[in-house]
Amino acid sequence: MATIPTTASEIAAAVASGALTAREVLEAHLARIEEREADIHAFNLVTADAARAQADAIDADIAAGRPVGPLAGVPIAIKDNMCTHGIETTCSSKILEGWKPPYDATVVTRLRAAGAVMVGKTNLDEFAMGSSTENSAFGTTRNPLDTSRVPGGSSGGSAAAVAAGFSPVSLGSDTGGSIRQPAALCGVVGVKPTYGLVSRYGLVAYASSLDQIGPFATTVSDAALITEVIAGHDVMDSTSIPQEAPSLVGAVSEGVAGMRIGRVVDLPGGAEPEVSARLDAAFAALAAAGATIVDVTLPSLGYALTAYYLIAPAEASSNLARFDGVRYGLRVNAVDTNAMYGATRAAGFGDEVKRRIMLGTYALSAGYYDAYYGKALKVRRLIAQDFDKAYESVDTILMPTSPLVAFKFGEKADDPMSMYLCDIYTIPTNLAGHPAMSIPFGTGAHGLPVGIQVLAPALGEVAMFRVGGALEAAAGGAQ
Amino acid sequence: MSDSPLSSIVATPEQMLPGGWEMVVGLEVHVELATATKLFSGSPNRFGDEPNINIDPVTLGLPGALPVLNKKAVELAMRIGLALNCRIQKCIFHRKNYFYPDQPKAYQISQYDLPLNADGHLELPSGVVIGVERAHLEEDTGKSTHVGGATGRIHGSDYSLMDFNRAGVPLVEIVSRPDMRTSEQAREYVSELRSILEAIGASDAKMEEGSMRCDANVSVHKPGTPFGTRCEIKNVNSIRALGRAIDYEARRQIDIIDSGGVIRQETRHWDDAEGRTHTLRTKEDADDYRYFPEPDLVTVDPSQEWIEEVRAALPPLPAARRAMLHELTGYDARSEAVVVAVERGQHEYVKAVIDAGGDPVKALIYVTQAFAEAGASPAVPAADIAALTILERDNKLSATQAKTVLAEIVANGGGDAAAIAAAKGFEAMDTSAVEAMVDEAIAADPDAWAKYCAGEEKAAGAIVGRIMKASKGKADGKVVSAIMQSRRG
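Protein sequences, first through last, are from chains A and B. full-length UniProt numbering numbers the first residue of the first sequence as 1 and each following residue consecutively. full-length UniProt numbering numbers the first residue of the second sequence as 1 and each following residue consecutively.
One chain only, chain A, in its complex shape (with noise of 0.2 Å):
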């Protein structure tokens, strides 16, 4: 058997080519997962055999001679929030246990379409909130680069896929870092494009006005043509923006030359001596390569995570009130609907959610929601204004993705706190709708790799592709 390369855009090529079967190199990956999935736990399901018969489907239409899409025979990981026709769709939780979706999202489609196949469903943080994939009613997901430690979250399993080498890109969602902290964590590229670029529409909603479906790659070039299959308009979700997919793989053998790159002056604190090296490294790796380092201010980017947690708890409470056990999922009988619902959710919910639900249902209550909620929304706006304005004089903006490297299981998941300063770089794009993405740029303590995180505005991927794509090559060039 011919050697499978790691990238999806040669996998797809020596596919369509013929140089490969679809089926030989879903083999390959099942392989991988068959002698490491048990170390891991990347996965809530892993779906060989639908995967098996949409390899032989793909390679009957290369034998017949008809036309194939841009992923054709690609394995891929979906996290399993999203929907997909037919098969348990759980989002790690038990309240959705054994649930199988009557349709596919938007972004399974489109990927379905193209010629992907999709080998399982991974692993979250319950409804993904949380930054390490503790969060699981179906326990941790490991990081293969130290077992010991977490894969980050709350998209840790495809983090894990993909650093596993299970399939060489897979699909994530982010709300406030959930694919670019793990992306950091495990070592690989993880993208949040533009809210409203790609679909959600079958994402099995977190916080509506924040969560972005987004890829995990081990190249900027893959990140690039996952995000240009998934991304466009679909009629089937309101706030989806009305235009076609960018083109954006071109952009990442572009160069930054003249380009100007932000440095933020007034960074809140707290990140790892080794991650802020690799900050400094990551500049002047850029400067090197032709752009301009311009220095620019965030002033209320502290108060960030606050508003975040406010906000996103408040949409959490309210778009996770349909897990009553009327319709699907778990249900537990007693005496009355109103004590049935509250059985229902006792036992299906984990400790995070609930917790969630409460800070979100308290900050919408009468008497508290301009306290609470509406200055949130204030904070969100003043965010937004400070990135337009630092957007006037720089391109993009780079900073680091996590504060830290992997930390061991157990390390914060008793202090919810100290877990929420995991996102504290990565949870103002969300407020402000923009793109970022996260590129692994050395290793910081214990050799674990550090990511370095690229901002643009909105709808500005081609800039923070072609940002991304220097940085990679550095990186390449410095490890």
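Among the hints, a few may not be true.
[To be verified] Only part of the chain B face toward chain A is listed, based on derived beta-carbon distances under 7 Å:
hint, residue
1, Pro57
2, Gly64
3, Val68
4, Pro101
5, Lys105
6, Ala106
7, Ala286
8, Arg290
9, Phe292
10, Asp296
11, Ala337
[Said to hold, decoys possible] DSBU-like mimics (lysine-lysine), calculated; alpha carbons at most 35 Å apart, straight line:
hint, chain 1, residue 1, chain 2, residue 2
12, B, Lys458, B, Lys396
13, B, Lys71, A, Lys378
14, B, Lys283, A, Lys354
15, B, Lys90, A, Lys378
16, A, Lys354, B, Lys143
[Claimed, not checked] Anything over 12 Å on all C-beta distances counts as not near chain A; from chain B, calculated:
hint, residue
17, Asp49
18, Ala65
19, His155
20, Ser160
21, Leu280
Just so you know, the hints here were simulated from the structure itself, not pulled from any lab data. Bear in mind the structure is a predicted one, so any value in this text is a computation, not a measurement. Even for Gly, the Cβ is constructed at its ideal location relative to N, Cα and C.
Add chain B to chain A, keeping to what the hints say.
What follows is chain B alone, placed relative to chain A:
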């Protein structure tokens, strides 16, 4: 209801309740819009189907499903706003959060502080003007059927069946200002609103099918003092029940205050069979709906162009239709015949009869009398009715004979009035023959005639009855009456 302590709208002396009390009524009317599909999904909006047929991931609130606003629903809601003289404004949707089994997402997508239509008014046929605070868009719930238990309500039932066909059906909630001072005005308001909704094609507005539902806010106070504490009355399923419920509720509140009690703000349930209201829930256990802007939808900002387009396409409203019938017949626009004809949507048919050469007044009267159940377009050629009105006008038929012929035309879905009259042997008697019959009748019943001459109008009945019997209905009642009057002097 408005917080303004003193209202400029005060009941007339006849409208006051005993003891110097004035009732204050505001109405919240929900109407289902006549769209082909639901407010946020492509499932059919259809009444009466087998349960749980018109559903989809959005309707059921399945995880990951997202709402997409139905443009036609916005257009119909704008029609309502324009017909009610509202300002159409840039608006957003909010989530109204509460748990109930027939509410699939555990929140209703509704409008809160920025409704589509605001600050309108409705002029009733009687001339009273009722303020309309807002008319906003929202989605309907599913329908619960509680099985077992005595009350048919969720408490005490053995199990409940859910039908989500209605979930997500577009509704407009029309909230009046507390401007009504009698139950009659409330009934008139709902009746006029229904005519408007039908006229503009926004809703079929059938209270019995639930496509129009009405909640009444009722309070009592003495004029010149702040409004009293209000109670909201639910489960009012007909215009008649609305009047009864409001009258009952005002009486109940006055009785409580008169006996030294205070009114609690609460929601009350109208029991039509018992003819009374009882407590559903008090303000203390009212839900906190935790309204917040719906993040899955975007701002709706109808362009001035679109608004004008919708306005231009509005058909004539009931008030204009009543004015048309007034023009054609000379009948007062507020008269019962005109109001009824327009309520039934039969104004065009009346006009068609007149256009076919019919006598205008007789056309209006015949149509309102003969076609109570026929709907807007009776299945009888207008020309046939027109021909009949002419026969009567020209005294070729008596009123009684004409009525008989009309009944036959209606029963047969049409017919030649002259031929039917001839077949029945109808011909109008000439006046001299009638005069002779009057004389005979007077001679036969001198007592009745004496009473009639003494001013007892009822006594005429005995004389007229004799004449009609003798003439086998051929004598024209009006002619008889005129002869009798001239004989009496």
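Just checking, Ala65 (chain B) versus chain A, shortest CB gap more than 12 Å?
-> For Ala65 (chain B), whose nearest Cβ neighbour in chain A is about 7 Å away, the distance does not exceed 12 Å, so it is violated.
| Taking the closest Cβ pair, is Asp296 (chain B) under 7 Å from chain A? | holds (5 Å)
*asked:* Hinted pair, alpha-carbon criterion (35 Å max): Lys354 (chain A), Lys143 (chain B). Please report holds or violated.
replied: holds (30 Å)
Margin query: Run the distance test for Lys283 (chain B) versus Lys354 (chain A): straight-line Cα separation, threshold 35 Å.
Written below: The hint holds at about 28 Å.
Is the nearest Cβ of chain A still more than 12 Å from the Cβ of His155 (chain B)?
The claim is violated: His155 (chain B) sits with its nearest Cβ about 7 Å from chain A, within 12 Å.
If I take the minimum Cβ distance from Leu280 (chain B) to any residue of chain A, is it greater than 12 Å? holds (16 Å)
| query | Taking only the CA atoms, is the gap from Lys90 (chain B) to Lys378 (chain A) under or equal to 35 Å? | reply | holds (21 Å)
- Below or equal to 35 Å on CA atoms is what counts here, so check Lys71 (chain B) against Lys378 (chain A). Holds, because 31 Å separates the two Cα atoms, which is no more than 35 Å.
Given Pro57 (chain B) as an interface hint, is its Cβ closer than 7 Å to any Cβ of chain A? Hint holds; Pro57 (chain B) Cβ to chain A Cβ min 5 Å, cut 7 Å.
Going by Cβ atoms only, is Phe292 (chain B) closer than 7 Å to chain A? Hint holds; Phe292 (chain B) Cβ to chain A Cβ min 5 Å, cut 7 Å.
- Task: Report holds or violated for the interface hint on Pro101 (chain B), using the least CB-CB distance to chain A and a cut-off of 7 Å.
- Result: Since the shortest Cβ distance to chain A is 5 Å, the answer is holds.
(message) If I take the minimum Cβ distance from Asp49 (chain B) to any residue of chain A, is it greater than 12 Å?
(response) Non-interface label on Asp49 (chain B) holds, nearest chain A Cβ at 19 Å vs cutoff 12 Å.
Against the hints set out earlier in the document, violations occur for numbers 7, 11, 18, 19, 20.
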